[in-house]
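Quick note, the sequences are listed as chains A and B, same order.
Be aware that the first sequence starts at 0, since it is given in numbering that gives the first Met the number 0, and climbs by one per residue.
Be aware that the second sequence starts at 0, since it is given in numbering that gives the first Met the number 0, and climbs by one per residue.
Incorrect hints may have been included.
[To be verified] Covered by chain A, according to a simulated footprint, are these stretches of chain B (three or more residues, beta-carbon under 8 Å): (1) 104–114; (2) 135–143; (3) 149–157.
For the record, the hints were derived by calculation from the structure and aren't laboratory data.
Positions of the beta carbon are idealized from the N, C-alpha and C atoms, including for glycine.
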Amino acid sequence: MESRGVESKTLPHSPLLPGDWLVVLAGALLVGLSIPAFWRGGLGERAIIRQEGQVFADVDLRSRRELEVAGPLGVTRIAIEPGRARVVSDPGPRQYCVRQGWLTRAGEIAICAPNRVSLQIAGRTRLYDSLSY
Amino acid sequence: MTQLTITAEDRRVAWLATAAVGLSLVDAAIPTPLPGIKPGLANIVTLIVLLRHGWGSAVWVSLLRVLAGGLLLGHFLAPGFFLSLTGAIASLLTLGLARYLPARWFGPVSLSVFAAFAHIGGQLLLARAWLIPHDGIFLLTPPFAAAALVFGILNGLIAAKLLVETTSENPSCPPQPSASP
Numbered sequence: 000m001e002s003r004g005v006e007s008k009t010l011p012h013s014p015l016l017p018g019d020w021l022v023v024l025a026g027a028l029l030v031g032l033s034i035p036a037f038w039r040g041g042l043g044e045r046a047i048i049r050q051e052g053q054v055f056a057d058v059d060l061r062s063r064r065e066l067e068v069a070g071p072l073g074v075t076r077i078a079i080e081p082g083r084a085r086v087v088s089d090p091g092p093r094q095y096c097v098r099q100g101w102l103t104r105a106g107e108i109a110i111c112a113p114n115r116v117s118l119q120i121a122g123r124t125r126l127y128d129s130l131s132y
Numbered sequence: 000m001t002q003l004t005i006t007a008e009d010r011r012v013a014w015l016a017t018a019a020v021g022l023s024l025v026d027a028a029i030p031t032p033l034p035g036i037k038p039g040l041a042n043i044v045t046l047i048v049l050l051r052h053g054w055g056s057a058v059w060v061s062l063l064r065v066l067a068g069g070l071l072l073g074h075f076l077a078p079g080f081f082l083s084l085t086g087a088i089a090s091l092l093t094l095g096l097a098r099y100l101p102a103r104w105f106g107p108v109s110l111s112v113f114a115a116f117a118h119i120g121g122q123l124l125l126a127r128a129w130l131i132p133h134d135g136i137f138l139l140t141p142p143f144a145a146a147a148l149v150f151g152i153l154n155g156l157i158a159a160k161l162l163v164e165t166t167s168e169n170p171s172c173p174p175q176p177s178a179s180p
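Given these sequences and hints, build the entire structure.
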């Protein structure tokens with residue numbers, strides 16, 4: 000049990016031993032792999048557009064198209080591009096949903112409340128709208 | 000009536016735990032970009048204790064540090080305390096296995112990196128199971144893992160340097176108190 004303690008008295012001058020380099024490299028590899036492993040699942044795969052709470056369109060995010068959704072105030076225009084979607088224009092007074100810009104991650108949502116239109120990004124797994132603790 | 004006898008080992012553990020608590024406070028004072036990312040300076044003490052005095056002492060020093068640190072930082076029995084405790088237990092268990100690696104090849108840096116990954120892994124699992132029961136918590140894994148690697152290496156290097164320095168002059172423990180407080 001105390002074997003390391005005895006051996007540590009003969010510690011070499013270089014603080015990094017060959018095994019340490021191996022561990023550091025393996026660690027770096029692990030960190031590198033963790034990025035696609037943990038961050039890809041959150042990317043959006045579909046755009047769900049709702050009008051008055053009803054699903055108006057459910058579009059694959061690999062496509063490229065523009066949609067026009069009619070609401071009580073006028074037409075909300077939505078652009079879909081590979082991997083992202085945004086509200087291009089909206090007749091609402093405050094333009095919050097337009098100013099949100101491109102949405103890319105699952106769970107992101109732009110709501111044009113006055114015109115009762117929403118654009119939501121959905122991923123592979125269904126996420127919650129919101130969580131509070 | 001049983002008499003509590005204080006051994007040299009007890010004093011040593013107490014002193015080293017005090018040093019670790021001090022470093023925990025320094026840690027808490029360092030601002031970080033993301034909550035949860037901390038240098039974990041106190042682990043330098045754990046590493047040195049492990050290599051110098053064995054795993055048993057390291058467990059004592061580490062757990063005393065978590066307890067006293069929790070009391071001093073005011074998060075005793077709050078979620079942060081349990082996160083610290085889980086991290087400490089996970090890294091102690093990992094160190095318990097990693098210390099059997101051949102010391103010719105694997106120095107303090109390896110142990111430190113292993114402990115850092117175990118620390119953050121344990122904390123993420125506890126957070127997922129208890130505090131934020133949603134897989135969204137794992138989005139934090141890449142930055143946490145990167146921080147664990149960087150700080151694991153740094154702490155390991157510091158521990159290695161301190162071990163070399165102290166072995167060359169005085170192999171005994173930190174200063175003994177002249178009178179008991």
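Consistency of the hints with the structure:
Residues of the segment 104–114 of chain B lying with their CB closer than 8 Å to a CB of chain A number 8, which satisfies the three-residue condition for coverage. Only residues whose C-beta sits within less than 8 Å of a C-beta in chain A count toward coverage, and the segment 135–143 of chain B has 5 of them, enough to reach three; the restraint holds. Three residues within the 8 Å Cβ limit are the bar, and the segment 149–157 of chain B against chain A gives 4, so the coverage statement holds.
Against the hints set out earlier in the document, no violation occurs for any number.
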